[in-house]
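There are 2 protein chains.
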Amino acid sequence: MDAADPLGATIRDRFVLDAPSDRASGDAGVYLDGNSLGALPRAVPGRIADVISREWGEMRIRSWDESGWWTAPERIGDKIAPLIGASPGRVVVGDSTSVNVFKAVVGGIRMAGKGCTEILVDATTFPTDGYIARSAARMTGLAVRPVEPTRIADEVTERTALALVNHVDYRTGELNDLPGITTALHSAGALAVWDLCHSAGALPVEVERYGVDLAVGCTYKYLNGGPGSPAYLYVRESLQDRFDSPLPGWNSHAEPFGMAPDYAPADGIVRGRVGTPDILSLLALETALDVWDGVSLEDVRTKSLALTDFFLDCVAAYVPPGRVRSITPYDHGRRGSQVSLECSGAAEVMTELIRRGVVGDFRKPDVLRFGFTPLYTSFADAERAAWVLGEVLRALPEQDPRTAGAGG
Amino acid sequence: MDAADPLGATIRDRFVLDAPSDRASGDAGVYLDGNSLGALPRAVPGRIADVISREWGEMRIRSWDESGWWTAPERIGDKIAPLIGASPGRVVVGDSTSVNVFKAVVGGIRMAGKGCTEILVDATTFPTDGYIARSAARMTGLAVRPVEPTRIADEVTERTALALVNHVDYRTGELNDLPGITTALHSAGALAVWDLCHSAGALPVEVERYGVDLAVGCTYKYLNGGPGSPAYLYVRESLQDRFDSPLPGWNSHAEPFGMAPDYAPADGIVRGRVGTPDILSLLALETALDVWDGVSLEDVRTKSLALTDFFLDCVAAYVPPGRVRSITPYDHGRRGSQVSLECSGAAEVMTELIRRGVVGDFRKPDVLRFGFTPLYTSFADAERAAWVLGEVLRALPEQDPRTAGAGG
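Here the protein sequences come in this chain order: D and F. Going by our numbering, the first residue of the first sequence is number 38, and it counts up by one from there. Going by our numbering, the first residue of the second sequence is number 38, and it counts up by one from there.
Here chain D stands alone, though its shape is the one from the complex (with noise of 0.2 Å):
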């Protein structure tokens, strides 16, 4: 399988991936946790050590025009935008993922209709898009009500202004029904402000083909931006001269340099700048945005939809029945890029799994977390999972699910 993925050895060999996860053993390692840090491309240690030695070491502050330091937010924004199905001049980078919430979701209430009176969010989403969206709705008056995605369709009424809603749950890897929920949020008036920090770069998402009014996701996932590296907004061209931000710092004025005591907001995406960018993190980002040249999604897809098949069935193969539940769907339609599987003492698993080199994550209370990185995780690598996870279960006494709460 591996001898026959179109993604093989030419991606994978875009990153860094045979450095010893354990310095002792030299072994390298499975790394699928790409869903929570994604792997280190090549590229990126001479291009910021270039960033930092010439552009900021010996240009200084010419490097503001010179090296392009002050358009790379938008510049990046227009090199992911094909990632999420988007048009140039629609996608801004900078600032952390919640930040970026505050202002889809303010901005996207300022949008809406005089009578709306509540937002809804995704009763299953990433818990810091449910307390940002708290907070913008308690500062522009707003309720808030939690609602299952597959119940959004219902559940929207007229005085709804917006949903905010993950395109995939991150603890389940769900994926959601993204073209049907913004129908159904649409025909009510509402807008859809998608959260796709765990879909950009590990299926095709297509915001503008389904008219999404919002989006917001990090870079430090599939993306492979780095550390916390900057996270990025979407506003759909027809609501850029809406775009009302909360942040309205001096990046988004129409001149930034005029240094005028009242603001003017700038035309298109700009608008959604905000204070002086962060640049280390985002030209890490921009290089490592390289390893997308020549890369299909659909290619992507095919394959990420097989390496999660293919994991489950080794993990039915491999590992002692009735240890381990799936709670990621089987149904491919309905699947993102990761498994998570329902464990007795989750996290005391997850400890010797990394400790065998096997490294996914832990979500409490008892779930194991295996992401898939399309463009460097291989067949042998779910194959060597899967089987380690039974090597680990075999070895561990199964708890007792009364008390296995305990070990969360």
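You may find that some hints are simply not true.
What the hints assert, rightly or not - Here are the computed distance ranges between Cβ atoms for each label pair: (1) D/Glu192 - F/Lys401: 45 to 53 Å; (2) F/Ser90 - D/Glu192: 43 to 51 Å; (3) D/Asp55 - F/Ala432: 23 to 31 Å; (4) F/Ala303 - D/Ala225: 49 to 57 Å.
As the list claims (entries may be wrong) - Covered stretches of chain D (in silico footprint by chain F; criterion: 3 or more residues with CB under 8 Å from a CB of chain F, positions within the stretch not fixed): (5) 117-126; (6) 393-407.
Hints listed in this document are in silico derivations from the structure and should not be mistaken for laboratory results. Glycine is no exception: its CB is placed at the ideal position from the N, C-alpha and C atoms.
Given chain D, work out where chain F should sit, using these hints.
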């Protein structure tokens, strides 16, 4: 004067200053724009190479714990704290200055008495502070009143929630009276929110001694953290329990990995965090802060005043009479660490200065701005800059002041 400088060769040698500003000439030039972007500390390239290749490339996700990534915002805050007169646990690093102004102003408004109807904003402030303060006021239902810093004591009323003031005016280099203004605000029951962007690292700042309530600052000027390096937030200890952030991201949660649907703020300054911290930039800043080891802020202030005095003397000696006028106060008590000269045709003059290796910056409509960063600017630099300025002004015809604005 350079030979007698206690911050002379040893400290200066902690920075990369010998690289040619112009590769053709090989001349390192004179860098007087450290108040926009600090020079590169020598230790940064090696540290970041290790962060990228080993901590990210090899250890990957394990580095959040094992390399201390997760706690970097507070740890680096504690490293900035002594530079602004704060104890440990009062400063957290992350996000841009603009985002931190939003946190500080909304947080301050929420701490203020219920009868408050307005905030005061330094009328001479760096514009982004004003834009963000207006957004914070709009979202909390308060009015904004711009006030000259020297008028704050007279203008504050019992309806004033807080005043947002710059410690040093970015344009003129004037040092505002932090102790006096803070006391006046407190007498009226208002909070003092200070922007330290142009003072921290250039002179002693004493936030705790004078009872400052909230403060923000950037780290890429006198703190040399690199282009767009993250900003910081200071919250007075006695107010931390009441700090109610408008950006309650998961990093500020009492149990961030609990993934609880309900928000519960962490104790202490961690409450000022928002989303996933930007590790490359944070760790570059952490290493950059090592240049302060063994440096006395009293020596920094003494040298800053001596450098700016000397530069003004050299300008008087070398520049044709009447061509420039200092708008920076001569009074040491009112001077920051820059000299701003009004000059007809300033934009063209600065372009020519930079071409001749003297890097300052231009601020509309007619200001030449020269920053003196005491850790690495020498008296020889100051003299050369004034000498070249004289040459440039003799070479450029004096513009008719009635049309000079067009050059800006």
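A quick look at each hint next to the structure:
1. D/Glu192 - F/Lys401: 45 to 53 Å: Holds, at about 52 Å.
2. F/Ser90 - D/Glu192: 43 to 51 Å: Roughly 49 Å apart at Cβ, these two residues keep to the hinted range, so it holds.
3. D/Asp55 - F/Ala432: 23 to 31 Å: At 58 Å between Cβs, range violated.
4. F/Ala303 - D/Ala225: 49 to 57 Å: Distance hint for F/Ala303, D/Ala225 is violated at roughly 37 Å.
5. 117-126: Answer violated; 0 residues pass the 8 Å Cβ test.
6. 393-407: n = 4 at 8 Å, threshold three: holds.
When held up to the earlier numbered hints, the structure conflicts with 3, 4, 5 and fits the remainder.
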